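*Asks:* Here are the chains, one letter per residue:
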Amino acid sequence: MIKFILKRLGLALLVALTVSAISFSLLFMSGDPAAAIAGETASGEDIEAIRRIYGFDRPVLVQYWEWLLGALQGNFGESYYFKLPVADLIAERLSITMTLGVCGITFALVTAVPLGVAAAMRPNSLIDRAALLLSVMGQAMPSFWFGLILIVIFSIQLGLLPPSGSSTPIHFIMPTIVLGYYAMPAIMRLTRAGMLEVLSSDYIRTARAKGASEVRVMFRHALRNAIIPVVSLAAVQMGFMLGGSIVVESIFALHGAGYLAWESIGRNDLPTVQALILVFSGFYIVFTFLADVLNAWLDPRMRTA
Amino acid sequence: MTETRDPILSVRNLTLDIPVGGGTLHAVRGIDFDLARGETLCIVGESGSGKSLTSLAIMGLLAPRIERRADRLEFDGVDLLKAGPRKMRSLRGNRMSMIFQEPMTSLNPAYTIGDQLTEALLLHRNVGKKAARDRAVELLEKVGITAAASRLGQFPHQLSGGLRQRVMIAMALMCEPELIIADEPTTALDVTIQAQILRLLVDLQREMNVAMILITHDLGVVARVADKVAVMYAGELVETGPAGAVFGQPTHPYTRGLLRCIPVPGKTERGAELGTIPGIVPSLVGDVSGCPFRTRCEEAVAACRGAIPLRHRSDDAHAFRCVHETGMATAEVSA
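Quick note, the sequences are listed as chains A and B, same order.
Letter 35 of the first sequence, counting from 1, is numbered 35 in full-length UniProt numbering, and no numbers are missing.
Letter 242 of the second sequence, counting from 1, is numbered 242 in full-length UniProt numbering, and no numbers are missing.
In isolation and in its complexed conformation, chain B is listed as follows (with noise of 0.2 Å):
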């Protein structure tokens, strides 16, 4: 959709397919983006639209009934989709690396911090166990943990769920990344300290000049940390481009009702009622045509069962798909 120069994650025509009881659950289809250095693309979209498989997809962590397929998926000039299992280990945790949404549970209750911390780096690079221990303390005062080096010796269920993400950021950072996936880091968290740790994760995003995917379905999120946006309905890509055209111009029906859900301080009266989307989720398995918004949309029409076009907003970046030229069926009538 939007071409970058230089990326250094280029993905196009992305498609999961999962073989289900009842046929193929089609799960994620035709995704396109570009991701360039130090960039933070924000992927937002409801549970189960396939936000973080579309990331496992990257890291090549999907399970191996999932099929994967795509024109490109290119990550600094390594073709993914060709990457055997061992280039692909060569580049996890090394040149890519993830944070997970729990950090209860993503972390190895047997051993220490210290050694869940080192891992990476000892499996990637040739250093020696000093050295990597050194890394790992200088990593965690760097993520805002005291007493880092007695942590070293701490197991995970001697934290909190707090410090316990702030080791998984930690951990992702320890052999200096290109891409940094973040799925829905924040989630499992206290609201009090979600703000922290994604403040850290922006601020060590910016420090350390790294492309960063971030998944959530927290629209406030997104506007204080994104370069990009893409909006991720049902398996497909329906709005992306750059956040202040997102936010500014929301055009995909879809978007405009997402937005619609927050309230605005100053702008959003007292007793109003907040927008909603009516309806639910389709069903993806079996044939999946035309816009999978349809039957939730305000502005459809029949040709929303036929192919969708792709459309772009006068900023050229600024894309969505839908039928409508301007994402409303009125003002094509008018046009």
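Bound-form chain A, shown alone (with noise of 0.2 Å):
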């Protein structure tokens, strides 16, 4: 076991290190570095000058060099819009984004998770055919007119819920539904699924052969087995929420990392972006790394791997 973590941690750091490499490059990407600074009315040699104070005339290698040694130690260069270092600027709005990401995340799992099981143990039930038609629904409505739809009902005609803002734990509910809801169906039909095509396996049998309760062979010796995908797909979607919730924070006016990251894009704002495309990447990395420990865990089949 632990083998196998100090092996899929190695090759977590090797793809954060070839994720570094692209979003460096970006930099020179998107054209040249120097001449958006300056901005449209600089001439020549403001541009130059530019250049030579940002070090962009330095050869490519040594430049990435000293920009990944500053990331390592949390230093991710100043921003070209706020004139303020980047890591602090994505430190403050992190905290909004993963407060986000993590009720969304769990509010999808102890949705999804119970009615996949649910419709698992009674298939073509009235439960199954219900979760059915919420994942459909949950699949088919786009999260921007959701998130207005719940604002018309709860904020303006109810007026239980604040539509915007990030002041208070209240502030998170409509977000982290309009955010889980937009997760759940995947992982409720995944778990459907699984569930029902270990539900039929011959080891179930043997379980309920020695006299175990449905509880227990639902929960473990099924759920166990069926639940490895799912937790694989939870870790994609986590990493997602926390990267890509920039239609939700918008609509919220949630000002999390997505937002930030929306701006500056907008802005030109590339250390920015190449900071906030490394921390987005770095959280699939991380997700991605405990789930495979996840599922080591649940599976020791995959221990070996």
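Take these hints with a grain of salt, some might be off.
Covered stretches of chain A, going by a simulated chain B footprint (3 or more residues, C-beta under 8 Å) [said to hold, decoys possible]:
{"id": "1", "region": "201-209"}
{"id": "2", "region": "217-229"}
{"id": "3", "region": "293-301"}
Selected chain B positions facing chain A (in silico; Cβ < 8 Å) [what the hints assert, rightly or not]:
{"id": "4", "residue": "R89"}
{"id": "5", "residue": "S90"}
{"id": "6", "residue": "G93"}
{"id": "7", "residue": "S97"}
{"id": "8", "residue": "M98"}
{"id": "9", "residue": "T105"}
{"id": "10", "residue": "P109"}
{"id": "11", "residue": "E119"}
{"id": "12", "residue": "H124"}
{"id": "13", "residue": "F155"}
In case anyone wonders, no lab produced these hints; they're calculated from the structure.
This structure is a prediction, so every number in the text was calculated from the model and none was measured.
Cβ atoms here follow ideal geometry from the backbone N, Cα and C, with glycine treated the same way.
Combine the two chains into a complex, taking the hints into account.
*Replies:* Take a look at the structure:
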């Protein structure tokens, strides 16, 4: 198990290094960074001066090395737009994004997994059909539309929940539902499919032949095997929520990291974008790694992989 | 069919119907048998004849859509027809246990051998974990597994098929059951391992004096281990009786056909053609009446479409279902 974890950790670091190289090269792919900083009205000499000040005239590899060393120490340079350290900027926004992401995935999991299990226990029953309807709706409704509908009902008509902002926990209720409901259908369907497959397997019959109760059969014998693909999916969705919840953050005016990324792209604020890409992919890498470890714990056959 | 004194398991007129697209599949029809403590009953028949369904019906493990009916289904005085899920759970794995055909897939890949072995004991008996593990080690040794204590921490995928089936046998014995149902326990194993596992099973059955139903399609196995034989064809028991009687005087045309398919050392000549039974098993969907074997039977007559009487050979325990008094049309004519 320890060997497996070390191996996965090494792989994760390699992926992180690759991602860092790609995100660094973005700086040069989107045109001359010096010209972007100098602005449209700057003269050629100004641009040259900026190029020297920011060090863009040095070899690319040297720049990458310095940037990487800085990034490892939490120094991502200075935002072109805010003239503030990017690290501080992101740290401030990340707490909102992480709160939203954790709440969102938790909401998705606690609704999707029990619903998927219930649906698999009685295929084609009323609860199975209801779960299907709910998941089709979640899949079909765009987040921005669902978010606006919630605001209309709960904020404007009923006046129960605040429509925007992030100052209290209550502010996170609607964004959590919108974000979680978006991830819920896939988790639910995968749980249901996994349970149906596992429940028809021979070792479930063995468990019943031992006199295990239905609850024990479902949760101890079946769910542990059925949940394995769900763990991998949830890890990817968690990464998605932490990096890509731009729509939800915009609707509810939660100024999180996703919103910052969206703004920074518009402002050509490359150090911020670079750092955000690195942070977002870092989330994916961390969650994929955790999912691998969790799956290896759930299924001993994976430990040798 | 055969009355046994003080049976541990008594089955009368067991019938299993499965609703399918085009009507009802009459998978098992009117099965009777008794089984005493320490006895081995072999149910023989080809794939799809209803052997496994019969065993699952006794264990109460049938899929919910299958309808089970019987005049009597009693296990040591307990009416299994009336037993609720809770009562059945308290019997399963405790007083009656089952060994399945596929050792590769019948163990849960997520749990250790130790966890799975001790589960039934911990569920049914008021024992601690330590005592349960000791019992598991004891039984693993009994089924011939070396380094038993270290196996408890292993996972199923780390064991070979033969070892897994030994684990399955040990698992079935954990609570010292009074009835073991082994559903083709050696079919999925290599031929060299088959004999070992079978010998082990039979030795343990004798040692523990437990009643066993052994389901198989291997007549060689039956001849070696059975006290009683029940020959099953298309959902019916066509011939039942003590093993010696059924093998010595096979009476039903299907039983005789089956035995002709087996080469006998010293008797069957080299190069001689082995017997086969032509034709295919009839569909059991819709109305099923008359003898199910009549379409493949050499002795078939018009009366085979009607009700088939249950007949007894001289030995009262040896019974068969056929329109012909001796199972043979020619004999009936001469009689």
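*Asks:* Please go over all the hints and tell whether each is borne out by the structure.
*Replies:* We went through each hint and held it up to the structure:
Counting residues of the region 201-209 of chain A whose C-beta sits closer than 8 Å to any C-beta of chain B gives 8, which meets the bar of three, so the coverage hint holds. Coverage of the region 217-229 of chain A by chain B holds [criterion: at least 3 residues with CB-CB distance below 8 Å; count 3]. With 4 residues carrying a beta carbon less than 8 Å from a beta carbon of chain B, the region 293-301 of chain A meets the three-residue requirement, and the given coverage holds. The interface hint given for B:R89 is met, as the beta carbon of that residue sits about 5 Å from the closest beta carbon of chain A, less than 8 Å.
About 7 Å separates the beta-carbon of B:S90 from the nearest beta-carbon of chain A, less than 8 Å, and the hint is met. Using the Cβ-Cβ criterion of 8 Å, the hint placing B:G93 at the interface with chain A is satisfied: the shortest such distance is roughly 3 Å. The restraint placing B:S97 at the interface with chain A holds, with a minimum CB-CB distance near 7 Å, inside the 8 Å limit. Checking B:M98 against chain A by beta carbon gives a least distance of about 4 Å; that is within 8 Å, so the hint holds.
Hint on B:T105 holds. Least Cβ distance to chain A is approximately 4 Å, under the 8 Å limit. Taken as an interface hint, B:P109 checks out: its beta carbon lies about 6 Å from the nearest beta carbon of chain A, inside 8 Å. Because the smallest distance between the Cβ of B:E119 and any Cβ of chain A comes to about 6 Å, under 8 Å, the interface hint for this residue holds. Against a cut-off of 8 Å between C-beta atoms, the interface hint on B:H124 holds, since the closest Cβ of chain A lies about 6 Å away.
Satisfaction of the interface hint for B:F155 is found here, the shortest Cβ-Cβ separation to chain A being roughly 4 Å, below the 8 Å cut-off.
Checked against the numbered hints above, the structure breaks none of them.
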